[in-house]
Amino acid sequence: AQSVTQLGSHVSVSEGALVLLRCNYSSSVPPYLFWYVQYPNQGLQLLLKYTSAATLVKGINGFEAEFKKSETSFHLTKPSAHMSDAAEYFCAVVKTSYDKVIFGPGTSLSVIP
Amino acid sequence: DAGVTQSPTHLIKTRGQQVTLRCSPKSGHDTVSWYQQALGQGPQFIFQYYEEEERQRGNFPDRFSGHQFPNYSSELNVNALLLGDSALYLCASSIFNTGELFFGEGSRLTVL
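Taken in order, these protein sequences are the chains called S and G.
Residues in the first sequence are numbered from 412 upward in steps of one, following my numbering.
Residues in the second sequence are numbered from 1009 upward in steps of one, following my numbering.
Chain G extracted, bound-state conformation (with noise of 0.2 Å):
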């Protein structure tokens, strides 16, 4: 049974420019949240997926947005990046209404 899985793993990107991090669910799980894990600190939460709409979201600027598929995965797209989102992002699937969050490895994105 695959857990979650994101890719890519890491990726280097100037200011100014766009990304696209992806996220497979664990099998089973319909619900997908993102955070952000700067240096040395806790995740912060950026929005969470259900039924392919956003159902909840952090205190993010409109740069960040996402998309849920109709098979569970989801993408994170950062827009205009800055050196402040250089972080490990993070995706985290569950079973709406469970609360019980099961974490992949992260994809580590380093702004330059």
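Same shape as in the complex, but just chain S (with noise of 0.2 Å):
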């Protein structure tokens, strides 16, 4: 079964500062991945999305990831944070187009000015 964890549930990072938030996941193949960001009392918007095309994947809003198969991983990056990008972040997994998309727990993401 697929599944995928992120490490820390919650992430404090400075304005202006780096951004990392981990993503890995398990699966025998090569899955699609997801990023999602979900501000509070609303539903989710994808960030970025891998599909076995470009391991470097950008997304919106400056984010980017970088699928690393031998790793497992699909960390969502950013180089510099903004007050805005307070929210939570999910990664997401499915393993073919046409399968139930997976959601990991999700990382809480704070900036401080």
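Rather than coming from a laboratory, the hints here were simulated on the basis of the structure.
It is possible that part of the hints are untrue.
Partial chain G-side listing against chain S, Cβ under 7 Å, derived [stated by the list, open to error]:
(1) Phe1053
(2) Asn1067
(3) Pro1069
(4) Ala1088
(5) Gly1092
(6) Ser1094
(7) Ala1095
(8) Leu1098
(9) Gly1107
(10) Leu1109
(11) Phe1111
(12) Glu1113
We put the CB at the ideal spot given by N, CA and C, even for glycine.
Put the two chains together into one complex; each comes in its own frame, and the hints tell you how they fit.
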């Protein structure tokens, strides 16, 4: 069965600092991978997705993620944090394009002025 | 272009009651998935509907049922509500076989 782990349920960074949110997945085959963001009292919004093309994926709001098959990882980064980045971030995996999407437990990002 | 819309946004029920939540998918989407998100947790997959049939189901009891209509909209029904059913219920639509989900803002259910 597919599963996703996100190391660190809460991450705090200073404004302007590097953001690094970790995601590891378990899969017997290269999956489709996603990062979603959820602002308070809202639904989830897609940040970026990996679908077996380029291993470095660029998303919205300056975020990017790198797929590393050898490490079964798909960590999310942003060079410089903004106050508006404070939110809950979810990594998600799906084995094939028609399978169910499985979400990780989430990482809450706080940005300190 | 309207995105995914859900109703109601908030509702309060008591134990043992039944609830129906509704979802209209994004224009052009034919697949609807439902997720339950408890406070402080990631979304948990309930089931997926395509061509008016339940295609996949997560680890949820039969108290959770759904329906998809010919216009692709969907309903989630929960019977015999328990306190533990209190959560944010998210509807996500997609184009079948693409894997990319578009979410509504959810229906927050409180069971007293």
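Hint-by-hint comparison with the structure:
1. Phe1053: Hint holds; G:Phe1053 Cβ to chain S Cβ min 5 Å, cut 7 Å.
2. Asn1067: violated, 10 Å
3. Pro1069: violated, 17 Å
4. Ala1088: violated, 25 Å
5. Gly1092: At about 18 Å, which exceeds the 7 Å cut-off, the nearest Cβ of chain S leaves the hint on G:Gly1092 violated.
6. Ser1094: G:Ser1094 check fails; min Cβ-Cβ to chain S is 16 Å, beyond 7 Å.
7. Ala1095: violated, 14 Å
8. Leu1098: holds, 6 Å
9. Gly1107: Result: holds, 4 Å to nearest chain S Cβ.
10. Leu1109: holds, 6 Å
11. Phe1111: Hint on G:Phe1111: holds, closest Cβ of chain S at ~4 Å, below 7 Å.
12. Glu1113: holds, 4 Å
In this structure, the hints that do not hold are numbers 2, 3, 4, 5, 6 and 7, in rising order.
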